[in-house]
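Enquirer: Chains W and E, in that order, give the protein sequences. Each position in the first sequence, counted from 1, maps to that position plus 215 in our numbering. Each position in the second sequence, counted from 1, maps to that position plus 264 in our numbering.
In short, the hints are calculated from the structure, not lab data. Accuracy of the hints is not assured; some may be wrong.
To be verified - If you want a taste of the chain E side facing chain W, the calculated C-beta under 7 Å gives, among others:
1. M265
2. H266
3. A268
4. V332
5. L518
6. A519
7. V523
8. F527
9. A531
10. V552
11. V607
12. L611
Here the structure is a predicted model, which means the values were calculated and not measured. We put the CB at the ideal spot given by N, CA and C, even for glycine.
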Amino acid sequence: MDTPMDLRFTPAQEAFRREARAWLAANAPEPRSLPSLDTAEGFEAHRSWERAMFDERWSVVSWPEEFGGRGVGILEWLVFEEEYWRAQAPLRVSQNGVFLLAPTMFEFGTEQQQRRFLPAMASGAEIWCQGWSEPDAGSDLAGIHSRAVRSADDRGWLLTGQKTWASRGAFAEWCFGLFRTDPEAERHRGLTYFLIEMTAPGVTVRPIPQLDGETGFAEIFFDDVFVPDDQVLGGVGHGWNVAMATAGSERGLSLRSPARYCEAASRLVALYGQRLATDPAAAVHRADAVAQAWMDAEVYRLATLWTATRVLDGGSVGPEASANKIHWSETDLAIHRAALDLLGPGAELHGGGTDAPWLDGYLFALAGPIYAGTNEIQRNVVAERMLGLPRG
Amino acid sequence: MHFAFTDQQIEFRDAVRQVLLNECTTDDLRASFAAPAARTPRWETLATLGVVGASVPEAHGGLGLGLVDLVPLLEEAGRVALPEPLLDTTALAVPLLAELAVADGGPRAPLADWLVSIAAGDRAVAVGPPAPGPTPVAGADGADLYVLATDGGPDGPEIHALEPDSVTVAPVPSLDPTRRLASVQWAPGPESRLASGPVAASLVGRTADRAAVATGAELLGLSQRMITLAVDHAKARHQFGRPIGSFQAVKHLLAGAQVTLEFARPAVYGAAWSLDEGEPTASRAASVAKAYASDAATEAARVSLQVHGAIGYTWECDLHLFLKRAWALSAAWGSAAEHRARVLASLVAEA
Chain W
216 MDTPMDLRFT
226 PAQEAFRREA
236 RAWLAANAPE
246 PRSLPSLDTA
256 EGFEAHRSWE
266 RAMFDERWSV
276 VSWPEEFGGR
286 GVGILEWLVF
296 EEEYWRAQAP
306 LRVSQNGVFL
316 LAPTMFEFGT
326 EQQQRRFLPA
336 MASGAEIWCQ
346 GWSEPDAGSD
356 LAGIHSRAVR
366 SADDRGWLLT
376 GQKTWASRGA
386 FAEWCFGLFR
396 TDPEAERHRG
406 LTYFLIEMTA
416 PGVTVRPIPQ
426 LDGETGFAEI
436 FFDDVFVPDD
446 QVLGGVGHGW
456 NVAMATAGSE
466 RGLSLRSPAR
476 YCEAASRLVA
486 LYGQRLATDP
496 AAAVHRADAV
506 AQAWMDAEVY
516 RLATLWTATR
526 VLDGGSVGPE
536 ASANKIHWSE
546 TDLAIHRAAL
556 DLLGPGAELH
566 GGGTDAPWLD
576 GYLFALAGPI
586 YAGTNEIQRN
596 VVAERMLGLP
606 RG
Chain E
265 MHFAFTDQQI
275 EFRDAVRQVL
285 LNECTTDDLR
295 ASFAAPAART
305 PRWETLATLG
315 VVGASVPEAH
325 GGLGLGLVDL
335 VPLLEEAGRV
345 ALPEPLLDTT
355 ALAVPLLAEL
365 AVADGGPRAP
375 LADWLVSIAA
385 GDRAVAVGPP
395 APGPTPVAGA
405 DGADLYVLAT
415 DGGPDGPEIH
425 ALEPDSVTVA
435 PVPSLDPTRR
445 LASVQWAPGP
455 ESRLASGPVA
465 ASLVGRTADR
475 AAVATGAELL
485 GLSQRMITLA
495 VDHAKARHQF
505 GRPIGSFQAV
515 KHLLAGAQVT
525 LEFARPAVYG
535 AAWSLDEGEP
545 TASRAASVAK
555 AYASDAATEA
565 ARVSLQVHGA
575 IGYTWECDLH
585 LFLKRAWALS
595 AAWGSAAEHR
605 ARVLASLVAE
615 A
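Chain W with its partners taken away, still in its complex shape (with noise of 0.2 Å):
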C-alpha cells in the first residue's frame, strides 16, 4: 500500500462516533445499575438492552443492514467499542451470539441458516451458548466425547452427551457445540458444528455456581436430542475448522475489544491519583504496577489497530491470536490487581459501595487466561506455529 502511517480516525469515524456518544447518552442505563446478567432477573434486564440497542441499530453495528446492522467496517466497530466502554454501557449478554457465532455463521452458514438466526441474536430475542467443553475435554478440546449419530427418519441427528462451563448456559435459549459425528475417523476429522435449540426434548440444563456464587455457566446434559439437518453449520465432519473460525475470533479481534481494557486502565489512573492525594506513601509503591497496567492496555489499543490495518489491506490473523489472547488476558489481571493492591484491605468489601467492581472485575479477570483456550495452550501455539519449534 502507498498509504503512509496515520493513526487518525477519519472525520466520518469521528461523525460515527459523535452519533455513538450521543445515542448512548441519552439511553444507556446508567453504570452498574442493571441486576447481574449471571441471574434470571439481570439476564432479562440485559436482554431488553440489547433489543434497544437493536431498535436503533447499534447492537451490531459491523453486520450488513439487512440482518440489522449498519455495514460498516472494523474500524468503526472499534470507534463504537470505545464509545461503549467509556460510557460504561451493560456488559454484553449475547456476546456469545454476536461476538463468537455471528463471524462464523457469516463465513461458513447458509443463506436460510442466515436469515433464520442472525437477526434474532442481533436482538436479544435468541441469546446464544457455548458447548464445547466436555468433563474430559477441555485443553484437549479434539477429545471430546458427546457424539451424533443418524435419526431414524433420517432428518437429522441425536446427539447425545454432557456439555459444561457453558457461559450464559443457564438462561440462553440456543446453544452452538461440537459432537463426535463419525467415530472412526481420525479425532480431529470426525466433528461436527451443531446449532441446538435448548428447549429440544432430551437436553437438561444444571446451572454452576462460579467464583462470585452466581450462576455465570452451566452443565448441559443431551439424551438423544433431535437437531434437524439445517443446523449443522459448515458441513457434517467439518466442525474442527469451522470450530477454530469461532476460536479465532475469540481469541483474536472480535471478542475483547481494546476499548474494554483502556476504560479500566483510565479509571484505575483515576484510583491512583485519589490514592496519591489521601495516601501517598501507600499508592507509590503501586506507582510502577499501575503504569505497567496503562501502558498494557494502550499497547494493546495499538497492535489491534495494526492488526485491523492488516486485514482491512486483505491480510488475515492466524496464531497471532493466540498472542493476543495472552496479552489481553493478562492485561485484565494487570489492571485489576493494580486496583485492589491501591484499595489495600478495602478490596474484600464485597457488595455495593464505589470500589466495589474492581472486585468483581478481578474475579472476572481470572477466568480470562483459563477460558478460550487456556494461555499454557496459547503458548503452545505461539511456540509452535509462530516460532515452528517442534509438537511435543
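Chain W is fixed; fit chain E onto it per the hints.
Expert: Only chain E this time, still in chain W's reference frame:
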C-alpha cells in the same frame, strides 16, 4: 486510520536487511572488537544506499525522511547489532542540526556543510544525553562531530556542537566493545553554541524522545534476533532423545518473550508516528515505546541465554554479541522503570 508501513518503506527495509546480513555478520562484529572505528567500509555502503543520510533534507543531499521511515531501518541495525553510530547520527543528530539549520530563516554554516558531509558518509556524530558532568557517550571514541548539551541551570540547557579538536575523549570500557563508549571532556563556549533558551530546551526534550523511540526500534530487532537464535538452538539441540524445543517448559519461555515483543512493536511504530506528527501525547508515547521495548529485550535476552544453556554462557557462542547490546540499550536514554514513571506522571497531570 492506516497503521502500517508503506510498500516503499518495507522495500527499503528489506534491501537494508539483505545488505546488513551480508556485511555485518557475527564474524564482522568480532573483528570490530579489535579495530574499532566510527566510519568503516560498511558505513560507506550504508551512506551509498541512502541510509546514513535518510533524515538529511534533500537540499543537503539526503532523502528527507522522518522517524517513521527510519524505525524499520533501525530495527535492522538492531538485528545485526550494527556497531556504527546510525542511531546517533541519523536518528538524533541530523534532525536536530537540520531544524537549527533553517531556524532564523536560512542555512547557517557550518550546519549545512555538516549535513552534506553526513549524507556523504564522511562524518559520524556522537550525541550526548543531557547529564550533569562528564558521562560516557556512545560512539564517542573516534566520532567526527560531538553534539552535546549542558544540563542547564537556571537558564535551561544549551546545545553545543564541537569538532574533535575541541574535545578530549577518553575511551571507557563497555561490556559491549562495539559501543565505542568514551567520556567526553569539553567546555561550552559561544563559538560552539547551537541553541539556548526555549529553543534548546524543546530540542533537548524532543531529541530524548526520539532517542527513546530509536533505541526502542533497535531493541525490537535485537530481541527478534536473540529469540531466533534460541529457537534455532532449541530445534537442533537434543536431550532425552528429542529436540529441547519440543518441551513445554522451553516453549513457554520463548513464547512469552515473543508475545512481549509482538506488543512492543506497535508501541514503537505508533510513537514514531506521534513524534513525526507532533502529537500532544508524543512524549508519553515515546516513553511507552521505550519501556515496552526495554522490557521485551531484557526478557528476550534472559530467555535466550537460558534456552541456550551453558553454551550460551561462552565467548564462542554468538549470543553474547546481542545480549550485551540489548543490556546496554535497555538502560540507555532511560530505563523501563524511568519511562514508566514518566508515563504515570503525565497521566496523573492530565487527569
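Enquirer: Each hint should be assessed against the structure and marked as holding or not.
Expert: Verification of the supplied hints:
1. Because the smallest distance between the Cβ of M265 of chain E and any Cβ of chain W comes to about 5 Å, under 7 Å, the interface hint for this residue holds.
2. At about 5 Å, the closest approach between the beta carbon of H266 of chain E and any beta carbon in chain W falls short of 7 Å, and the interface hint on this residue holds.
3. Restraint check, A268 of chain E versus chain W: the minimum CB separation of about 5 Å is within 7 Å; hint holds.
4. For V332 of chain E, the interface hint holds, since its Cβ comes within 7 Å of a Cβ in chain W; the closest pair sits about 5 Å apart.
5. For L518 of chain E, the interface hint holds, the least distance from its beta-carbon to any beta-carbon of chain W being 6 Å, beneath 7 Å.
6. For A519 of chain E, the suggested interface contact is upheld, since its CB lies about 4 Å from the closest CB of chain W, less than 7 Å.
7. Using the Cβ-Cβ criterion of 7 Å, the hint placing V523 of chain E at the interface with chain W is satisfied: the shortest such distance is roughly 5 Å.
8. About 5 Å separates the beta-carbon of F527 of chain E from the nearest beta-carbon of chain W, less than 7 Å, and the hint is met.
9. A cut of 7 Å between beta carbons decides the hint on A531 of chain E: the least distance to chain W is about 5 Å, and the hint holds.
10. Hint on V552 of chain E holds. Least Cβ distance to chain W is approximately 5 Å, under the 7 Å limit.
11. The beta carbon of V607 of chain E is positioned within 7 Å of a beta carbon in chain W (closest approach about 5 Å), and the interface hint is therefore held.
12. Taking 7 Å as the C-beta cut-off, the interface hint given for L611 of chain E holds, the closest approach to chain W being about 5 Å.
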